[in-house]
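Enquirer: The primary structure of each chain is shown beneath.
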Amino acid sequence: GESVGLHLPTLSVQEGDNSIINCAYSNSASDYFIWYKQESGKGPQFIIDIRSNMDKRQGQRVTVLLNKTVKHLSLQIAATQPGDSAVYFCAENMNSGYSTLTFGKGTMLLVSP
Amino acid sequence: KAGVTQTPRYLIKTRGQQVTLSCSPISGHRSVSWYQQTPGQGLQFLFEYFSETQRNKGNFPGRFSGRQFSNSRSEMNVSTLELGDSALYLCASSTKVDYGYTFGSGTRLTVV
Numbered sequence: 020g021e022s023v024g025l026h027l028p029t030l031s032v033q034e035g036d037n038s039i040i041n042c043a044y045s046n047s048a049s050d051y052f053i054w055y056k057q058e059s060g061k062g063p064q065f066i067i068d069i070r071s072n073m074d075k076r077q078g079q080r081v082t083v084l085l086n087k088t089v090k091h092l093s094l095q096i097a098a099t100q101p102g103d104s105a106v107y108f109c110a111e112n113m114n115s116g117y118s119t120l121t122f123g124k125g126t127m128l129l130v131s132p
Numbered sequence: 479k480a481g482v483t484q485t486p487r488y489l490i491k492t493r494g495q496q497v498t499l500s501c502s503p504i505s506g507h508r509s510v511s512w513y514q515q516t517p518g519q520g521l522q523f524l525f526e527y528f529s530e531t532q533r534n535k536g537n538f539p540g541r542f543s544g545r546q547f548s549n550s551r552s553e554m555n556v557s558t559l560e561l562g563d564s565a566l567y568l569c570a571s572s573t574k575v576d577y578g579y580t581f582g583s584g585t586r587l588t589v590v
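Protein sequence lines correspond, in order, to chains Z and U.
So the first sequence is residues 20 to 132, counted in my numbering.
So the second sequence is residues 479 to 590, counted in my numbering.
Bound-form chain U, shown alone (with noise of 0.2 Å):
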């Protein structure tokens, strides 16, 4: 079966833009997590989302918001971007009921 797809693979923003990212899960998979990947903080949850709900979000600002849609696709979007939001976002997807988290290869994005 089809993993867990991203897109766009790479991304270069100026600071003070903002980005929208995509996240396809693996079909039947109904919950979608964010993870932020840096060096310096390594893996961070972001947000979970099942039936289009947000169910848990972690301690980042408000500048980061997401949300899922009803065939479990689910998109991030972060504003206003800033030289620390620079890092490999990636999204992961499970069936809830066999705690199997697939990730996908992630979106690079580079704030200049």
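Only chain Z is shown next, with the shape it has when bound in the complex (with noise of 0.2 Å):
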């Protein structure tokens, strides 16, 4: 699923699936990037970062990797579970010196069990 337009894209996956979500990102000079989830009712959530100085980090059940070469960001998810349904955004922080972040459009997982 990758993010792009007005359309919020879905991926579907089955409970304990590997979920990948992808994010084509704007600016080259960006150098921090967020994934966060959003369920229904509530803010953001972050859910892990990584700096442009690193192509990969691993958190919980989450991986994201970064490709500057094509401004590609990924979120893997381990093990999906339904509490893991939820709209996902990347968002880029350029070297701006300010707390900018500029979001993604999102992607929805939804995970049945």
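None of these hints come from the bench; they were simulated from the model.
Glycine residues also receive a C-beta, built at the ideal position from the N, C-alpha and C atoms.
Among the clues, some could well be false.
[Said to hold, decoys possible] Partial list, computed: chain U residues near chain Z (C-beta under 10 Å):
id : residue
1  : Ala480
2  : Gly481
3  : Asn549
4  : Glu560
5  : Gly562
6  : Leu566
[Claimed, not checked] Here are a few chain Z residues that sit away from chain U, every Cβ distance over 12 Å (derived from the structure):
id : residue
7  : Ser47
8  : Gly60
9  : Ser93
Need the complex rebuilt from these two chains, each delivered in its own frame; the hints are there to steer you.
Expert: Dropping the structure here:
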């Protein structure tokens, strides 16, 4: 599922599967990237971040991969659970000295039991 | 520690009115940013405050304004409300040191 245009792409998986959510970021000057999870009625929740001097970072059940050559970011969720169902956003921060995030359009992840 | 607190959670206003939204950041966080979220445009940056100074502003009309107080609490104001201002308004805070942006649950504004 890649976030493009105004449509909200949907990724449907079965419980226990691994999920991969993709994101194309916009600015080659961006030096910091964050993945957020947003559940209905809530604000975005921080999942994992990565700086531009890295190409991979792992957390608990999640891995973020960064490919600066093609300006691509991905979020891998291992052993996806129904509680992972939400909209996932990637966000980038340019090295501007300001705490300003530019968000992708989001991908909806639906996990079936 | 307590998270980012936004009040009120829901608001219904009439076109032409003005509205003020409040955000209390995590204790110790000096940077507060505001975002507008709509189904059509997604999450868009409004402005960022640090130590009571607006450091950056997004591409929104002058009807949208904000401020930050000495205790880092922030308010945003929208004057002369339009139907298109209906959105979820989100506040995020960070220390700026670790870029750990934490969002509040937002204020859902409906303009009728």
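Enquirer: A separate judgement is required for each hint: does it hold in the structure or not?
Expert: How the hints compare with the structure:
no., hint, verdict
1, Ala480, "violated (14 Å)"
2, Gly481, "holds (9 Å)"
3, Asn549, "violated (18 Å)"
4, Glu560, "violated (20 Å)"
5, Gly562, "violated (15 Å)"
6, Leu566, "holds (8 Å)"
7, Ser47, "holds (19 Å)"
8, Gly60, "violated (8 Å)"
9, Ser93, "holds (19 Å)"
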